[in-house]
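Asker: Below, each chain spelled out in residue letters.
2 protein chains.
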Amino acid sequence: MEYFYIPELGAAGRQLSVVGQEARHIIKVLRHNPGDELWATDGRGNEFRLVIKSIKSDRLMVRVLEKRPGQREPGRKVSLALAVLKGDKLRTVVEAVTELGVSEILPFVSERVIGRMDEARLHRIRAVAVSGMKTALGTVLPVIRPVVSLSRLISSFSDYQQVIVAYEEEQERGIADVLNLGIRSLLLVIGPEGGFTTDEVAQLQDGGAVAVTLGPRRLRAEIAAIVATGVCFSLTGDLGGKLNSAKGGG
Amino acid sequence: MEYFYIPELGAAGRQLSVVGQEARHIIKVLRHNPGDELWATDGRGNEFRLVIKSIKSDRLMVRVLEKRPGQREPGRKVSLALAVLKGDKLRTVVEAVTELGVSEILPFVSERVIGRMDEARLHRIRAVAVSGMKTALGTVLPVIRPVVSLSRLISSFSDYQQVIVAYEEEQERGIADVLNLGIRSLLLVIGPEGGFTTDEVAQLQDGGAVAVTLGPRRLRAEIAAIVATGVCFSLTGDLGGKLNSAKGGG
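Protein chains in written order, with this note's numbering: chain A, 1 to 250; chain B, 1 to 250.
Keep in mind that the hints were calculated from the coordinates and are not lab data. None of the values given here were measured: they were computed from a predicted structure. Please note: incorrect hints may appear among the correct ones.
Any copy, or any two copies together, can satisfy a pair, since identical chains are not distinguished.
[What the hints assert, rightly or not] When the alpha-carbon atoms are kept at most 20 angstroms apart in a straight line, the in silico SDA-like pairs for lysine to any residue are as follows:
id, residue 1, residue 2
1, K89, S131
2, K28, M1
3, K86, R124
4, K77, V130
5, K28, I52
6, K56, V113
7, K242, E169
8, K67, W39
9, K56, G194
10, K89, R220
11, K242, N180
12, K242, A211
13, K77, E8
14, K77, S103
15, K67, G182
16, K242, R173
17, K89, V128
18, K89, D118
19, K53, V64
20, K53, P34
21, K89, T135
22, K242, L181
23, K56, L30
24, K77, G43
So here's chain A without its partners, still in its complex pose:
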């Protein structure tokens, strides 16, 4: 199933012209013709059935046949605060967790962060989030926040009903032990390749974060981020099935 991201989409019956990358892709690569129907999202929670009315060079005229709320969004808002990882790791995580359904990504810098973020990188990461949303047939484009310091991140903890941080020195409590299934917004914090310092973990905990273990094995930061996000969605019932959905109370 092809799935397109067209932020300008509006009410059913409306007709609009589409230009840019998605239009070129639909016209030049997929070679759609007038009369063809398409599925698309506005990235703000809605899903659309469209029909192509006309094509003129790189410009597509479409009509909205149907507009409906997204069908595949998690019941809870899960946000991921992610240390700025090196190289391709950041985009690997952003694409994967967007597929899984996170609604917000908060990149941050802490003492052991060695990756750097500039405008170009932020731009590429936003593009990757679009790609992850389309792959997943999702309808919410996650917000990618500007990079902040750890202390700035901690000051935003009050925006979330629960904050969980993966910490390799934590021995006792796993995600399943601490995740509060009654909440509507969760912030999951994943540190850099070298982990957090003891002092940073104390700050995170003072700010209200609960430290959890991801088990005795040492995981790369990007795998920790993807798996921890997956486990949260599994516990909240958003990875399908009845058992956890019932537990989660949907």
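Chain B: place on chain A using the hints.
Answerer: Frame of chain A; chain B shown alone:
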């Protein structure tokens, strides 16, 4: 913590010479000296504390100070049957699931598989498994089986106490609904980029596999493989914490 893979390691007190890639890495890159202590695994479940006795060009003489069973292995044997994915995806999955602790990987070919496996690729994938094991401070090098057809894969289902297959058309049951926590060996089956055909899923189910959903969102095959493996280990209590460990009955 540095961690080395030296398959030749033996009983405590034994002295042996180490050559090859790990020896060169220890000598040339990490610039260790005689008297330095190292941690290593034989990839067969054991962990070793070693001391360097002498270094001669690319050859290392070490003495085993301590040998003990691996401390970070999952309580259950989880095997992953993975369609031969294209490009880097196969190694991405193999590295990630080795970190998580799978003990066996069974690459297979089904109708919609577009990736190919040759000796060189198999060799690279085995190297990636070594890297994943070392990252995780694991002590069991997963066995990477030769590529088989789907029907051949199905004929090996009897080697496992439970077989679970992720299938996008399954709507009802998730991993948590079907995973039998009383078993000691699980085979998780993940199909190719284009999924399984209806006919193939029927064959898999006739062979004893239970189909599960990973939720309503469409996930790339490699993300499905990593997340499904993570969720299994989470349910068996191998991602840490008390709640699931108790449920798993260790």
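Asker: For each hint, tell me whether it holds in the structure or not.
Answerer: We went through each hint and held it up to the structure:
When the C-alpha separation of K89 and S131 is checked against a cutoff of 20 angstroms, the pair qualifies both within a copy, at 16 angstroms, and between copies, at 17 angstroms. Taking identical chains as interchangeable, the C-alpha atoms of K28 and M1 lie at most 20 angstroms apart only when both belong to the same chain, with a minimum of 18 angstroms there against 52 angstroms between chains. In this assembly of identical chains, the alpha carbons of K86 and R124 lie at most 20 angstroms apart only when taken from the same copy (14 angstroms versus 23 angstroms across copies). When the C-alpha separation of K77 and V130 is checked against a cutoff of 20 angstroms, the pair qualifies only within one copy, where the shortest distance is 18 angstroms, while the shortest distance between copies is 37 angstroms.
Within a single copy, K28 and I52 get their C-alpha atoms as close as 14 angstroms, which meets the 20 angstroms cut-off; across copies the closest is 63 angstroms, which misses it. Neither within a single protomer nor between protomers do K56 and V113 lie at most 20 angstroms apart by alpha-carbon distance, with minima of 48 angstroms and 37 angstroms respectively. Taking the shortest alpha-carbon separations for K242 and E169, only the inter-copy value of 15 angstroms comes in at or below 20 angstroms, while the best intra-copy value is 33 angstroms. In this assembly of identical chains, K67 and W39 lie within 20 angstroms of each other by CA distance solely inside one copy; the values are 10 angstroms within and 59 angstroms between copies.
When the C-alpha separation of K56 and G194 is checked against a cutoff of 20 angstroms, the pair qualifies neither within a copy, at 53 angstroms, nor between copies, at 33 angstroms. Taking the closest pair of Cα atoms, K89 and R220 come within 20 angstroms of each other both inside a single copy (10 angstroms) and across two copies (17 angstroms). In this homomeric assembly, K242 and N180 come within 20 angstroms of each other (Cα to Cα) both inside a single copy, at 18 angstroms, and across copies, at 15 angstroms. In this homomeric assembly, K242 and A211 come within 20 angstroms of each other (Cα to Cα) only across copies, at 14 angstroms, whereas the closest approach inside a single copy is 28 angstroms.
Taking the shortest Cα distances, K77 and E8 never come within 20 angstroms of each other, neither inside one copy (24 angstroms) nor across copies (50 angstroms). In this homomeric assembly, K77 and S103 come within 20 angstroms of each other (Cα to Cα) only inside a single copy, at 6 angstroms, whereas the closest approach across copies is 34 angstroms. Proximity of K67 and G182 under a CA criterion of 20 angstroms is satisfied in neither setting, with 30 angstroms inside one chain copy and 47 angstroms between copies. In this assembly of identical chains, K242 and R173 lie within 20 angstroms of each other by CA distance solely across copies; the values are 6 angstroms between and 25 angstroms within a copy.
In the homo-oligomer, the alpha carbons of K89 and V128 lie at most 20 angstroms apart both inside one protomer (12 angstroms) and across protomers (17 angstroms), since each shortest distance falls under that limit. Proximity of K89 to D118 under the C-alpha cut-off of 20 angstroms is restricted to the intra-copy arrangement: shortest distance 15 angstroms within a copy versus 27 angstroms between copies. In this homomeric assembly, K53 and V64 come within 20 angstroms of each other (Cα to Cα) only inside a single copy, at 10 angstroms, whereas the closest approach across copies is 75 angstroms. In this homomeric assembly, K53 and P34 come within 20 angstroms of each other (Cα to Cα) only inside a single copy, at 5 angstroms, whereas the closest approach across copies is 76 angstroms.
In this homomeric assembly, K89 and T135 come within 20 angstroms of each other (Cα to Cα) both inside a single copy, at 19 angstroms, and across copies, at 16 angstroms. For the identical chains of this complex, K242 and L181 are neighbours both inside a copy (15 angstroms) and across copies (17 angstroms), given an alpha-carbon limit of 20 angstroms. In the homo-oligomer, the alpha carbons of K56 and L30 lie at most 20 angstroms apart inside one protomer (15 angstroms), although the nearest pairing across protomers, at 62 angstroms, exceeds that limit. For a Cα distance limit of 20 angstroms, the shortest separation of K77 from G43 inside one copy, 15 angstroms, qualifies, whereas the shortest one across copies, 41 angstroms, does not.
Comparing the model with each earlier hint shows violations of hints 6, 9, 13, 15; every other hint is respected.
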